[in-house]
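**Student:** The primary structure of each chain is shown beneath.
There are 4 protein chains.
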Amino acid sequence: MSRTAVRVLVNGYGVIGKRVASAISRQPDMRIIGISDVVGDWRIKMAKAKGYDVYASMPEKVEGMKRGGVDVEGTLEDLLSKGAVDVVVDATPAGVGARNKALYGRYGVKAIFQGGERHGTAGVSFVAQRNYVEALGEQFVRVVSCNTTAICRVVGGIHEKLGVKKARVGIIRRAVDVWESSHVGIMNTVVPELRVPSHHGPDARTVMHDLDMVTMAAKGSHNLFHLHMGMLEMEDEVTGDDVIDVLNREPRVVFVRGSDGVEGLNSIFEIARDSGRPRGDLYEIPVWEDSITASDDGREIYLMWATPNESNVVPENVDAIRAMTELEGKAERSIAITDERLGIVKKLY
Amino acid sequence: MSRTAVRVLVNGYGVIGKRVASAISRQPDMRIIGISDVVGDWRIKMAKAKGYDVYASMPEKVEGMKRGGVDVEGTLEDLLSKGAVDVVVDATPAGVGARNKALYGRYGVKAIFQGGERHGTAGVSFVAQRNYVEALGEQFVRVVSCNTTAICRVVGGIHEKLGVKKARVGIIRRAVDVWESSHVGIMNTVVPELRVPSHHGPDARTVMHDLDMVTMAAKGSHNLFHLHMGMLEMEDEVTGDDVIDVLNREPRVVFVRGSDGVEGLNSIFEIARDSGRPRGDLYEIPVWEDSITASDDGREIYLMWATPNESNVVPENVDAIRAMTELEGKAERSIAITDERLGIVKKLY
Amino acid sequence: MSRTAVRVLVNGYGVIGKRVASAISRQPDMRIIGISDVVGDWRIKMAKAKGYDVYASMPEKVEGMKRGGVDVEGTLEDLLSKGAVDVVVDATPAGVGARNKALYGRYGVKAIFQGGERHGTAGVSFVAQRNYVEALGEQFVRVVSCNTTAICRVVGGIHEKLGVKKARVGIIRRAVDVWESSHVGIMNTVVPELRVPSHHGPDARTVMHDLDMVTMAAKGSHNLFHLHMGMLEMEDEVTGDDVIDVLNREPRVVFVRGSDGVEGLNSIFEIARDSGRPRGDLYEIPVWEDSITASDDGREIYLMWATPNESNVVPENVDAIRAMTELEGKAERSIAITDERLGIVKKLY
Amino acid sequence: MSRTAVRVLVNGYGVIGKRVASAISRQPDMRIIGISDVVGDWRIKMAKAKGYDVYASMPEKVEGMKRGGVDVEGTLEDLLSKGAVDVVVDATPAGVGARNKALYGRYGVKAIFQGGERHGTAGVSFVAQRNYVEALGEQFVRVVSCNTTAICRVVGGIHEKLGVKKARVGIIRRAVDVWESSHVGIMNTVVPELRVPSHHGPDARTVMHDLDMVTMAAKGSHNLFHLHMGMLEMEDEVTGDDVIDVLNREPRVVFVRGSDGVEGLNSIFEIARDSGRPRGDLYEIPVWEDSITASDDGREIYLMWATPNESNVVPENVDAIRAMTELEGKAERSIAITDERLGIVKKLY
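Residue numbers (numbering that gives the first Met the number 0), protein chains in the order written: chain A, 0 to 348; chain B, 0 to 348; chain C, 0 to 348; chain D, 0 to 348.
Hint data in this document are derived by calculation from the structure and do not stem from the laboratory. Heads up, some of the hints might be wrong.
Remember, identical chains collapse to one label, so a pair may be satisfied in a single copy or spanning two.
Okay, derived cross-link-like pairs now, EDC-like style, lysine to aspartate or glutamate, Cα gap no bigger than 20 Å in a straight line [as the list claims (entries may be wrong)]:
#, residue 1, residue 2
1, Lys346, Asp70
2, Lys49, Asp338
3, Lys49, Glu339
4, Lys65, Asp52
5, Lys164, Asp296
6, Lys164, Asp211
7, Lys160, Asp240
8, Lys160, Glu232
9, Lys165, Asp295
10, Lys165, Asp235
11, Lys165, Glu232
12, Lys346, Asp241
13, Lys165, Glu236
14, Lys164, Asp241
Can you make the complete structure from the sequences, with help from the hints?
**Tutor:** So this is what it looks like as structure tokens:
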């Protein structure tokens with residue numbers, strides 16, 4: 000660990016926050032100063048058990064957290080006011096990050112927001128392999144949502160190399176996260192997002208500014224991974240092999256195959272667990288290679304991929320820190336470091 | 000009941016077969032001669048309890064059915080050979096219908112196949128409100144699958160009135176039927192159909208011959224109703240209200256609204272049960288009115304609908320019988336009789 | 000319908016309320032005056048569509064209901080104050096009934112509460128075939144919960160005839176009801192009730208005062224029917240056949256068999272739908288006949304049954320009205336009328 | 000790694016086999032010679048990717064595995080015949096192990112069977128903390144199923160220290176494993192095991208020979224972890240604290256608490272993933288501390304625990320190897336080594 004390592008605090012130790020904390024701990028050029036949250040249940044006790052210093056995101060939460068049995072070091076604002084933090088990764092629930100922005104601004108701390116915040120909150124929306132340079136030196140950057148990140152990696156890669164005229168994507172979302180599946184889930188149903196098109200299409204354009212993208216989405220009765228069904232109208236004639244070639248060169252995209260017995264999202268989750276990452280995480284976007292099909296006239300491409308919603312934005316947060324702090328000026332170099340440290344591969348099996 | 004009522008046998012008393020039997024029993028111009036099947040479990044005992052005569056679809060199944068406790072009247076072939084049947088509704092598992100065709104041919108009996116069979120097995124694929132006349136007087140007709148029927152009613156109606164240039168539809172299928180959910184289901188996953196595009200697109204063209212339709216499909220972790228997400232490129236500029244007008248006039252299509260608390264497929268199932276149909280069935284296609292959206296340039300239409308997979312083809316089977324036997328020459332008149340007898344409406348609540 | 004039919008209002012048109020309303024509509028000696036509720040979504044619009052007069056349970060809800068598009072006749076209190084109601088069936092959410100008691104008391108109206116209320120709210124807890132006489136002429140009666148009703152029918156019957164020393168029952172509950180499965184469900188989990196023993200045991204003793212009953216319960220990841228696993232220590236030696244004999248004579252208990260292909264709760268739901276009751280309801284308790292087993296020494300009995308949580312208390316509400324209003328003094332006679340009108344049987348298939 | 004490390008082959012690289020292989024790789028006194036299986040899908044490719052030598056369990060499977068793209072080193076029998084293996088961990092599907100026994104016998108190789116085999120196949124059924132000495136020097140040992148292991152750890156510990164007169168346990172099983180959840184699952188149902196009592200009770204007696212244990216079981220609509228609801232009649236009066244004391248001293252049993260937000264099996268799975276074990280595994284039995292309750296007279300104890308079905312038998316397999324090969328004569332010492340190497344703890348958070 001360099002003595003000049005970037006000092007990072009993770010605000011909001013939830014599904015994304017805890018994974019970003021783990022990932023940052025593995026980087027050579029950054030370190031975790033602590034985490035902050037508002038509750039004192041098993042999740043925060045686990046953070047303590049892992050050795051993180053725990054702060055209260057808001058002063059009024061200190062008491063409750065202590066009552067829950069968590070030893071709180073102080074408040075987030077105290078810590079920021081001491082100049083102890085270079086970058087806050089804000090992984091609080093959607094909308095809370097926007098309210099926190101003033102706090103970060105007050106102390107001149109850089110902050111990364113997640114995809115639940117609007118583009119305008121940060122001004123820069125980020126997917127490392129698409130627009131790393133837009134984040135260089137910025138105070139505020141937004142790592143886009145898991146769905147948008149997946150689209151930017153897969154459709155974005157195809158668009159950059161082969162030219163996508165119109166992308167139409169159907170999204171089957173996981174309903175809720177694993178930890179909250181005991182009280183706010185959905186059962187034996189599909190719940191459509193009736194605001195059509197869904198926000199994912201416009202959101203992709205905050206990163207891929209010239210992409211004609213429309214998405215429709217619905218929540219499925221499962222709690223892990225989204226499934227995307229992409230129908231791409233191309234600028235020129237292409238073959239399925241053209242698409243395979245592009246995705247073979249794209250970082251953080253991997254192939255799986257039905258012919259290898261990869262039948263569904265459950266198979267991919269089992270692969271992820273077998274791959275030995277912490278929590279069974281998957282940072283890459285798994286594309287079913289045998290789903291990639293061109294229309295007879297070569298003007299449309301169809302393909303399916305999974306979006307590991309808990310973890311695919313984790314490396315983006317790491318790269319965003321490097322870009323914002325100018326630890327590294329080139330996307331390729333930051334991605335290479337991150338991927339090496341997190342064990343990100345181009346071949347899962 | 001007319002003394003000249005068409006005599007119908009239902010071969011395969013499963014999810015579709017039992018519902019078609021119930022529906023035919025309610026028609027003024029047809030009657031159930033019996034049902035045939037190959038097992039003797041509670042499902043067939045229930046058929047007996049309802050008063051149907053039960054036959055064995057194959058001679059070698061008689062013994063097993065009797066051993067299961069079912070009083071079998073004889074074999075299907077016996078019955079056909081006596082000239083006791085005018086039309087067989089073949090609702091056997093996919094592929095079995097094709098094998099049964101020779102039997103029906105041998106005795107000159109008319110037969111309806113279901114969507115699990117190929118178009119070529121019958122030569123005519125049928126959705127009453129689209130191509131009733133194609134079935135007039137035919138010996139063999141295929142009622143297309145629940146998904147294709149839904150597409151023909153919704154997209155077909157829009158295409159006929161407003162002109163659809165290209166239809167792209169994402170389908171989230173129910174994984175299995177309720178009765179078999181105790182052994183061949185899927186759990187906490189989504190299983191994509193890797194043959195892309197899925198068969199539903201080409202299948203729609205067996206009915207709507209000039210429709211440019213591509214579909215992608217996946218199985219969701221639920222066992223009731225499919226959800227369709229339609230993205231339609233239009234020949235001309237249209238508004239959402241144009242589409243609402245068309246669907247308001249289309250038979251067997253109804254509106255539901257998120258603003259009325261209709262959140263998901265589960266809500267629709269609850270509505271269906273409250274509507275008082277047998278088994279909580281729904282013969283109509285429920286379209287979320289508040290999902291219908293036109294793109295800014297009016298050249299694309301987006302909308303979502305549910306497909307009640309157990310029951311939406313039931314009225315089609317009834318109408319097909321009328322067309323094949325020429326009981327009724329006009330689609331509108333057959334649809335009107337069927338709908339009146341089954342309680343099919345344009346407004347669920 | 001007798002001109003002196005008991006006039007009933009159903010307060011709370013939810014899962015139980017709407018079914019009780021349907022059941023009362025089928026009785027020769029009672030009629031529905033109207034229903035009252037607090038929302039104006041599709042569920043209440045459906046009540047209007049069925050022809051019920053709709054009232055607001057609370058004056059402050061009138062506006063919202065009208066805004067939702069429901070034509071409200073007035074408030075519940077107005078109606079009660081006019082002497083237009085003999086009995087209110089209060090099927091409001093747990094705890095609300097207790098608050099409503101004062102209102103019913105103020106106008107001297109009889110009221111039935113459901114199992115979500117405490118025994119003390121009514122003073123009499125009711126299962127028709129166990130303690131009908133306790134409800135005769137009472138102003139307030141509580142129909143116990145679906146789980147307790149099931150236990151009183153099955154274990155209660157065995158206890159009365161054969162003597163149960165100690166009943167120990169494990170309960171796998173459905174997590175939520177179908178209509179709410181789009182937002183408060185549980186997913187891919189089991190959620191134990193950590194207050195052990197669960198309330199069901201003591202609750203059974205409000206009806207079966209001398210039964211030593213302990214229950215443990217957990218919510219399963221399904222939304223229809225509970226499963227009960229009963230382990231009964233007997234006063235004397237018994238055989239499985241003794242238990243079968245008892246349950247064969249017990250009203251509102253039916254047998255299903257794994258050997259007939261009845262594999263799980265899903266099979267029973269399919270049977271219920273095929274049985275032709277409104278909404279696919281099941282008023283009886285289905286016991287797996289082939290699960291009934293005696294220990295080698297004949298001192299313990301094990302058996303499993305399903306609890307159709309949406310509908311098994313419906314006939315109890317009907318019978319409670321007869322007892323409270325003294326329309327009928329004998330349990331057997333009330334049960335016979337109710338069962339005939341609702342199509343309740345001793346053999347499902 | 001000692002040069003005299005015990006050489007282990009894992010036959011059957013499924014849910015249990017792959018985890019046992021990982022666990023053995025972490026032990027100081029044993030090493031994996033290879034794994035054998037019968038298929039060539041992604042699961043076996045993953046084994047190759049992890050560096051294991053892959054063998055075909057049966058000669059006739061070599062071709063298919065190679066065709067699937069797996070580089071097979073040879074057959075299991077070849078390897079055994081060369082004397083290259085000291086112990087086979089047979090983790091093949093239920094019933095296959097019994098057929099394999101002759102093969103292991105032919106070459107004088109020691110073998111461990113899993114809980115899907117009958118007690119008689121091995122003659123010794125094993126749970127390390129209960130009967131380690133029974134396995135000392137044996138050629139064949141059976142590690143009992145996940146459910147039986149959990150019962151032996153929890154109820155067994157209570158029985159040894161406090162005296163259990165009769166144990167009655169309700170089991171809500173996970174329906175299928177994650178990898179197979181795309182084709183043989185159950186959906187929105189509970190499927191009871193109609194052979195009552197279930198096999199788990201008698202099975203526990205193969206390890207705890209004097210325990211009066213009866214179990215009833217059903218499959219729930221989830222794919223991770225079983226839930227056990229225990230009702231224990233005690234020899235003497237006890238308190239909940241007595242039970243907590245016992246379980247606090249019992250190896251491989253940990254406490255979780257509803258008051259810490261541990262609501263269901265999903266919470267425990269999230270804890271397991273956060274705990275940093277490979278695949279998010281959990282080797283301990285999590286007992287809800289706040290479920291432990293004594294009856295008023297102190298003669299009954301009620302408590303609930305989860306059974307991490309994929310992984311709780313993994314340390315037992317490791318200990319069984321040490322006992323059979325007499326690497327270690329004392330249970331406590333083997334358990335200590337295994338637990339240290341696998342990170343097994345007494346406190347998860």
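**Student:** Hint by hint, say whether it matches the structure.
**Tutor:** Here is what the structure says about each hint:
Taking the closest pair of Cα atoms, Lys346 and Asp70 come within 20 Å of each other only across two copies (17 Å); inside a single copy the shortest separation is 42 Å, beyond that limit. Proximity of Lys49 to Asp338 under the C-alpha cut-off of 20 Å is restricted to the inter-copy arrangement: shortest distance 19 Å between copies versus 23 Å within a copy. Proximity of Lys49 and Glu339 under a CA criterion of 20 Å is satisfied inter-copy only: 17 Å between copies versus 23 Å inside one chain copy. Only within a single protomer do Lys65 and Asp52 lie at most 20 Å apart by alpha-carbon distance; the minimum there is 14 Å, versus 51 Å between protomers.
Taking the closest pair of Cα atoms, Lys164 and Asp296 come within 20 Å of each other both inside a single copy (15 Å) and across two copies (16 Å). Taking the shortest alpha-carbon separations for Lys164 and Asp211, both the intra-copy value of 7 Å and the inter-copy value of 18 Å come in at or below 20 Å. Only within a single protomer do Lys160 and Asp240 lie at most 20 Å apart by alpha-carbon distance; the minimum there is 13 Å, versus 39 Å between protomers. For the identical chains of this complex, Lys160 and Glu232 are intra-copy neighbours only, at 14 Å inside a copy versus 25 Å across copies, given an alpha-carbon limit of 20 Å.
For a Cα distance limit of 20 Å, the shortest separation of Lys165 from Asp295 qualifies both inside one copy, at 17 Å, and across copies, at 15 Å. Both within a single protomer and between protomers do Lys165 and Asp235 lie at most 20 Å apart by alpha-carbon distance, with minima of 12 Å and 18 Å respectively. Proximity of Lys165 and Glu232 under a CA criterion of 20 Å is satisfied in both settings, with 5 Å inside one chain copy and 11 Å between copies. For the identical chains of this complex, Lys346 and Asp241 are intra-copy neighbours only, at 19 Å inside a copy versus 49 Å across copies, given an alpha-carbon limit of 20 Å.
Proximity of Lys165 and Glu236 under a CA criterion of 20 Å is satisfied in both settings, with 14 Å inside one chain copy and 18 Å between copies. In this assembly of identical chains, Lys164 and Asp241 lie within 20 Å of each other by CA distance solely inside one copy; the values are 16 Å within and 27 Å between copies.
Every hint from the earlier list agrees with this structure, and none is contradicted.
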